[in-house]
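Residues per chain are reported as follows:
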Amino acid sequence: MQASERPWQTLVGVGIVLALIPLAFRMEPARFAPFLEGSTWRFLALGLLLTLEASAIAILASIPLALFFALARLSGPLWLRYPVIALVEGIRALPLLGLMFYLFLRLSALGRQLGIEALTRPDAAVIAALWLYTGAVNGEALRAAILSLPRGQWEAARSLGLTYGQAMRLVILPQAFRRALPPLVAQFATLVKDTSLGAIIGFIELYRRGVILFQGERNPMETLYVVSVIYFIVNYTLGRLAGTLERQLGLHRG
Amino acid sequence: MSTADVWHYLLLGLWTTLRLSLASMGVALALGTLIGVLRVSPVPPLRWFAAGYVEFFRDIPLLPVLVFVYSGLPKAGIRLPTSFDSAVAGLGVYTAAFVAEVVRAGLQSVHRGQIEAALSLGMTFPQMVRLVLLPQAFRMMIPPLGTVFIALVKNTSIASAIAVEELLYQAEFVIGRTFADWPMLIAFLLYLVITVPLSGLVNFLERRLRILF
Numbered sequence: 686m687q688a689s690e691r692p693w694q695t696l697v698g699v700g701i702v703l704a705l706i707p708l709a710f711r712m713e714p715a716r717f718a719p720f721l722e723g724s725t726w727r728f729l730a731l732g733l734l735l736t737l738e739a740s741a742i743a744i745l746a747s748i749p750l751a752l753f754f755a756l757a758r759l760s761g762p763l764w765l766r767y768p769v770i771a772l773v774e775g776i777r778a779l780p781l782l783g784l785m786f787y788l789f790l791r792l793s794a795l796g797r798q799l800g801i802e803a804l805t806r807p808d809a810a811v812i813a814a815l816w817l818y819t820g821a822v823n824g825e826a827l828r829a830a831i832l833s834l835p836r837g838q839w840e841a842a843r844s845l846g847l848t849y850g851q852a853m854r855l856v857i858l859p860q861a862f863r864r865a866l867p868p869l870v871a872q873f874a875t876l877v878k879d880t881s882l883g884a885i886i887g888f889i890e891l892y893r894r895g896v897i898l899f900q901g902e903r904n905p906m907e908t909l910y911v912v913s914v915i916y917f918i919v920n921y922t923l924g925r926l927a928g929t930l931e932r933q934l935g936l937h938r939g
Numbered sequence: 048m049s050t051a052d053v054w055h056y057l058l059l060g061l062w063t064t065l066r067l068s069l070a071s072m073g074v075a076l077a078l079g080t081l082i083g084v085l086r087v088s089p090v091p092p093l094r095w096f097a098a099g100y101v102e103f104f105r106d107i108p109l110l111p112v113l114v115f116v117y118s119g120l121p122k123a124g125i126r127l128p129t130s131f132d133s134a135v136a137g138l139g140v141y142t143a144a145f146v147a148e149v150v151r152a153g154l155q156s157v158h159r160g161q162i163e164a165a166l167s168l169g170m171t172f173p174q175m176v177r178l179v180l181l182p183q184a185f186r187m188m189i190p191p192l193g194t195v196f197i198a199l200v201k202n203t204s205i206a207s208a209i210a211v212e213e214l215l216y217q218a219e220f221v222i223g224r225t226f227a228d229w230p231m232l233i234a235f236l237l238y239l240v241i242t243v244p245l246s247g248l249v250n251f252l253e254r255r256l257r258i259l260f
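Chains A and B, in that order, are what the protein sequence lines are.
Here this note's numbering is used: position 138 in the first sequence is 823, and no number is missing along the way.
Here this note's numbering is used: position 208 in the second sequence is 255, and no number is missing along the way.
Be aware that a few hints might be false.
Said to hold, decoys possible - Quick list of the computed label-pair ranges, beta carbon to beta carbon: (1) W764/A - Q174/B: 36 to 44 angstroms; (2) L252/B - S689/A: 24 to 32 angstroms; (3) R255/B - L847/A: 48 to 56 angstroms; (4) T171/B - L734/A: 36 to 44 angstroms; (5) A704/A - P89/B: 43 to 51 angstroms; (6) P121/B - Q798/A: 43 to 51 angstroms; (7) A227/B - Y849/A: 44 to 52 angstroms; (8) Q174/B - G924/A: 28 to 36 angstroms.
If you are wondering where the hints come from, they were derived from the structure by calculation, not from laboratory data.
Only a predicted model underlies this, so the values are computations on that prediction, with no experimental measurement involved.
In this text, a Cβ means the ideal position worked out from N, Cα and C, and glycines have one as well.
Let the hints inform the model, and build the full structure from the sequences given.
Now the structure itself:
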C-alpha cells in the first residue's frame, strides 16, 4: 500500500472530481458566461481580498490571546487557570456560526449604546468571533508545542539561574513558536474557509459576493462551483506552504 | 412568546440537530469508507481520484457545498428534496473527505505482514480490505471518527443557512420573536451538552487505545 500520492497525482484527482461534478449535476456551459467578463472577476477578487484581510487580522490578533490562554493554562494561578480552561474548551465545543451570531447581537447593541458605528457592522462580529475561536485553537497548539519540548530545556534554563519569566521568554517560547508555525499556517487556511460563515450575518466577502452574482444571473451551481475552486486554489497553496515550512524547520508530524 | 415556548422551539431544534448529525454521519461513513479504501487501492487512477476528493473538500468551506447541493439535487435527478435531505447529502459528502482520511490512516496502521498473508492466501484486494484490514483497523479508527463526528455536530449549525430548522435556526427564530438574546445562551448550553461529553469520550478512548497498543 502506498503511503501518499504525489502532488501532481492529487491534482489530477482534483481534476477528475471537478470534471465529475458538472456531469452529475448537468451543469450548462452557457451559464458560465458571466465568468468571461473581467468585471465578474474584479467583483470576486475584491471579496477574496476581504476574506484574506479578515483572516489575517484574526490570526495576527489571536497570537497574543493564544499566548495568554496557553500560559494561563500551563502555569497560571488557580483562580485564572480553571476559568481559562472552561473558556477555551467552551469556545472550541461551540459552533462558530452561533458564536458569530451571538457576538453580532451583543456588539451591535453595544455599538449603538456607545455610538460607535464600527461595532454595529457585521465585520466586527466576524473578526471578533474568528479571533476568539482561533485564539482558543492556537492556544492549545502553543500549549502542545511548549509541552513537546524536552524537559532538559527547562532544567538547563532554570539551572543557569534564569527566572521563570526569563526561561519562558528566552528559551521555551522561541522554540515553541517555531514548532507552532506550521499549524498556524494551516489554521490560516481554516480561517479562510470559516470567514465564509460571515456571509450569513452580512459580511460581503468572497462567498457572499458569489451569492450576489448568482442571484442576478440565476446560476447558483455554476457560480458556487467557481467560488469553491477559488477557495481550493488559495487553501491548497497554503497547505503546501505549511508542509514546506514543516520540512524546512526540520519538524515532522508525530 | 413565553419561556416555555422558547424551550419548546429550542428542544425541537436540538432534536433536528441530532437527527441531522446522525443521518449525515451515516452518509459520511459509507462514502468516506469507500473513498478511504480507494485511497490505498492498487489502481492508480482510483487512488488519485480519492486523494483529489479528500484534498478538494478539505480545502473548501462547507457553506457553498450545502447551497450547491440544495440548488442542484433536482438537476441530479432527485425530485422534491427537503432542505433536510439536501443538508444530509451536503454534510455527508463534505464529511466523507474527513472520514476517508481516518479510514486511510487506519488501513495503513495494520501490520504489513497481514497484507502479505492475505495476498499469499490468494485474496483479492476487496476481500483483503473487507475481511482482514477493516476489522483490525476499526478499533484504531474510533477515536478520530469521534473527533470528526463532533466537528460534524457543530457544522450542522450551518444548515440553518438553507432553512433546516435545527438548533441554531430555532435560536435565531426565537430571538427574532422575543428580542432577547438569552435563548442563544441556552442553545450554546444544548450544543455543549452534546459536544463536551463526546470529546470526553474521545479522550478516554484515545488513552485506552494508547495503552493497548
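Within 28 to 36 angstroms: is that where the Cβ-Cβ distance between Q174/B and G924/A falls? At roughly 35 angstroms between Cβ atoms, G924/A and Q174/B fall inside 28 to 36 angstroms, so the hint holds.
* Could one say that the CB atoms of P121/B and Q798/A fall in the range 43 to 51 angstroms? -> Between P121/B and Q798/A, where Cβ atoms are some 46 angstroms apart, the hint holds.
Has the hinted range 43 to 51 angstroms been met by the Cβ atoms of A704/A and P89/B? violated (23 angstroms)
Verify the CB-CB distance for L252/B and S689/A against the hinted window 24 to 32 angstroms. Check passed, 26 angstroms falls within 24 to 32 angstroms.
Item to complete: Starting from the range 44 to 52 angstroms, see whether the pair A227/B and Y849/A falls in it by beta-carbon distance.
Response: Holds, at about 46 angstroms.
Within 36 to 44 angstroms: is that where the Cβ-Cβ distance between W764/A and Q174/B falls? violated (60 angstroms)
Exercise. Between R255/B and L847/A, does the beta-carbon spacing fit 48 to 56 angstroms?
Worked result: violated (39 angstroms)
- Task: With respect to the beta-carbon atoms only, verify the hint that T171/B and L734/A lie 36 to 44 angstroms apart.
- Result: violated (52 angstroms)
Checked against the numbered hints above, the structure breaks hints 1, 3, 4, 5 and satisfies the rest.
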